[in-house]
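J.: Spelled out, the chains give:
Protein chains: 2
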Amino acid sequence: MFITGIGKTKFGVSESPLHEMAYEAAAQALHDADMTPKDLQAVYVSNFVGGPDARQLHLNAVLVSLLQCEGIPAFRTEAACAAGGSAVFQAIRSPYDNILVVGAEKMTTTSAKQNSMHIGFAGDRLLDQKEGLIFPASYALIAQQHMMTYGTTLDDLAAVSLKNHVNSQRNPLAHFAHKKVTLEDIRKSPIVCSPLRLFDCSPISDGAAAVVLTKKKKGNSISIAASAMATDSISLVQRKNLTSFQATKRASENAYKEAGVQAKDLDVMEVHDCFTIAELVAMEDLGVCAPGESGKWVREGKTALNGELPINPDGGLKADGHPIGATGIAQLVELAAQLRGEAGKRQVKNAETGLAQNVGGVGGTAAVHILKKG
Amino acid sequence: MFITGIGKTKFGVSESPLHEMAYEAAAQALHDADMTPKDLQAVYVSNFVGGPDARQLHLNAVLVSLLQCEGIPAFRTEAACAAGGSAVFQAIRSPYDNILVVGAEKMTTTSAKQNSMHIGFAGDRLLDQKEGLIFPASYALIAQQHMMTYGTTLDDLAAVSLKNHVNSQRNPLAHFAHKKVTLEDIRKSPIVCSPLRLFDCSPISDGAAAVVLTKKKKGNSISIAASAMATDSISLVQRKNLTSFQATKRASENAYKEAGVQAKDLDVMEVHDCFTIAELVAMEDLGVCAPGESGKWVREGKTALNGELPINPDGGLKADGHPIGATGIAQLVELAAQLRGEAGKRQVKNAETGLAQNVGGVGGTAAVHILKKG
Chain Y
1 MFITGIGKTK FGVSESPLHE MAYEAAAQAL HDADMTPKDL QAVYVSNFVG GPDARQLHLN
61 AVLVSLLQCE GIPAFRTEAA CAAGGSAVFQ AIRSPYDNIL VVGAEKMTTT SAKQNSMHIG
121 FAGDRLLDQK EGLIFPASYA LIAQQHMMTY GTTLDDLAAV SLKNHVNSQR NPLAHFAHKK
181 VTLEDIRKSP IVCSPLRLFD CSPISDGAAA VVLTKKKKGN SISIAASAMA TDSISLVQRK
241 NLTSFQATKR ASENAYKEAG VQAKDLDVME VHDCFTIAEL VAMEDLGVCA PGESGKWVRE
301 GKTALNGELP INPDGGLKAD GHPIGATGIA QLVELAAQLR GEAGKRQVKN AETGLAQNVG
361 GVGGTAAVHI LKKG
Chain G
1 MFITGIGKTK FGVSESPLHE MAYEAAAQAL HDADMTPKDL QAVYVSNFVG GPDARQLHLN
61 AVLVSLLQCE GIPAFRTEAA CAAGGSAVFQ AIRSPYDNIL VVGAEKMTTT SAKQNSMHIG
121 FAGDRLLDQK EGLIFPASYA LIAQQHMMTY GTTLDDLAAV SLKNHVNSQR NPLAHFAHKK
181 VTLEDIRKSP IVCSPLRLFD CSPISDGAAA VVLTKKKKGN SISIAASAMA TDSISLVQRK
241 NLTSFQATKR ASENAYKEAG VQAKDLDVME VHDCFTIAEL VAMEDLGVCA PGESGKWVRE
301 GKTALNGELP INPDGGLKAD GHPIGATGIA QLVELAAQLR GEAGKRQVKN AETGLAQNVG
361 GVGGTAAVHI LKKG
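First to last, the sequence lines map onto chains Y and G.
Following the working numbering, the numbering of the first sequence begins with 1 at its first residue and continues without gaps.
Following the working numbering, the numbering of the second sequence begins with 1 at its first residue and continues without gaps.
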């Protein structure tokens, strides 16, 4: 399967409603693929809180109506924050030749309290949340464990945040495209849940992203070399180890096998940095470095744009933004742009192989895709 | 693909939370298939309002945790009230050999006002709902058009309701298993939206249903002879004709072709009677009878349990209940039980071929499956 068209709206605070953002990204991806809606055989829509936020859950039918390709099957799929990766994973395994996969989320119109509740729908309500483990608390616990086990420091976390903010300034569609952030800003930002500060957390964003998948290769096509997905217990209580996500490990092992590559063969990576600690854990789970070494890697600039293995060149969830249903698709849009050599000021040199890791909940679901040039 | 295991909870007002109902149906289906969770390669979860109602959207990961089969891919899929049919449609097209498909919904714990809002998430918010076309109003409009065009009467609608309530009294798991309903009750029930009365509307139900799908046939397996899905514009405003659902027509044409059967070859049918008028429209769209003749068919008892083509032997959405995400799966559970000859007091004689039609929104999505004995 190939990614033949890509589209993405500006992430951030949008004045457009959910369906308009979805349409905008979809139209862009179709235009980019030199296709029309009539060429499609199926549509997959990735969206998480469409109901409570935009009051629309039947977004698949809405999108088919807007694109005027009524008739073809259209699905809405969701796996919490891994909804995008899950939609692409399913689309790849479907029998269709030409598929549109759109992810969209509208989050800035609801109150912080409502958003916090909606995001909580992705976590474990039975064991974790009753003990106060809402998302920032869960990731703070993971950060604490990582610090205790490996000596990871606040500076390691800050280095992830700074790198992603620096990258986002080269990405005109990023949520924080125009926000200059210094190490001092990060260090002085308010504590959300110790040790995580405000700048360790991804923002609440609106946005949409889309890819057109085709069985046949076309001019600009990027090859999907591997697609894997795995789950873990939804509750942290049931896990033996908090410094690693088994779902990421399992999915990436399968993906590396399928693509016939190893972490050292990758030129660029998009990982699910909903919190800075998540980027460090992802690096270790994906085999980029040994457990406990991720902080050092980031501090040494190895994952910067001009580093050994650039991670999150678009700014990641931290600075590109995290419109939940769109996130996993946006990662693939960024990788495809990088492998095409069309990533502008944030172009990674000679990028030929890239990996995207998309996580749902606190590691309850993970989707891993590997893309190759041509 | 085969349906090798089936499970269903009692539909109605349940004291169990969403995840427990889902687990109960899943465990039953696995037991029925003589399989354990370890035999599964993927799980599909069909759920509509899990977020706002049960505050859990990552139900796929929850279920994998409860079944202790962490690791395998698990998806949540949704197409409004066609979520169940959509999940089965996608599972059939997946590369896995052994799949669990579970549909579940918890609806009775939220207020009528909240439920009304949540159900509205399945309809068109941009054009229809702004004009007052919430679900009962949309189907009332369809009923009015059907009456004007074909002379369909209130008695035709009442006959559908009565038949389904009579059937549900033979179904111990039905929402209205123990409710005796007379034609007088139906005729005197309050008007919800003219011409639809209370007894023309399906109830708000809790419940779960599950099927185990296998690529290999086993002892009790029922063959899935066809699986089709289609969409239409989500808004009624954009349709030329309100007395017919194009999505049902298109999906069923494809399904009949795939299975090599016609409507006249069917022995039993499950249709999406969210309102009584929807059963009449479905009969015509599925080719059971000519447009305008459905009312007569029902009044003459042709679709009764002992009729020419029994429709909704379990009581349908009207009387078995309509726990949204579970509905499309429950239809297949009923058909499988009928084709196995295990439907007890509501057994349709010599049932060898059955069809299920599951609708999302006001016909924005339709899924049609045809099952064959053996």
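Calculated directly from the structure, the hints in this document are not laboratory data.
Treat the hints with caution; some may be incorrect.
Where chains are identical, the list cannot tell them apart; a pair therefore holds if satisfied intra-copy or between any two copies.
List time: in silico SDA-like cross-link candidates among lysine to any residue, alpha-carbon distance up to 25 Å [as the list claims (entries may be wrong)]: (1) K179 / T108; (2) K240 / I191; (3) K345 / L141; (4) K38 / Q246; (5) K10 / C193; (6) K215 / P95; (7) K257 / Q41.
J.: Each of the hints needs a verdict: does it hold here or not?
T.: Status of each hint after checking the structure:
1. Taking CA atoms no more than 25 Å apart as the test, K179 paired with T108 passes inside one copy only; the shortest distance there is 18 Å, against 47 Å between copies.
2. When the C-alpha separation of K240 and I191 is checked against a cutoff of 25 Å, the pair qualifies neither within a copy, at 28 Å, nor between copies, at 57 Å.
3. Taking identical chains as interchangeable, the C-alpha atoms of K345 and L141 are never at most 25 Å apart, the minima being 36 Å within one chain and 56 Å between chains.
4. When the C-alpha separation of K38 and Q246 is checked against a cutoff of 25 Å, the pair qualifies only between copies, where the shortest distance is 17 Å, while the shortest distance within a copy is 41 Å.
5. Taking the closest pair of Cα atoms, K10 and C193 never come within 25 Å of each other, the shortest separation being 29 Å inside a single copy and 43 Å across copies.
6. In this assembly of identical chains, K215 and P95 lie within 25 Å of each other by CA distance both inside one copy and across copies; the values are 10 Å within and 16 Å between.
7. Taking identical chains as interchangeable, the C-alpha atoms of K257 and Q41 lie at most 25 Å apart only when they sit on different chains, with a minimum of 18 Å there against 30 Å within one chain.
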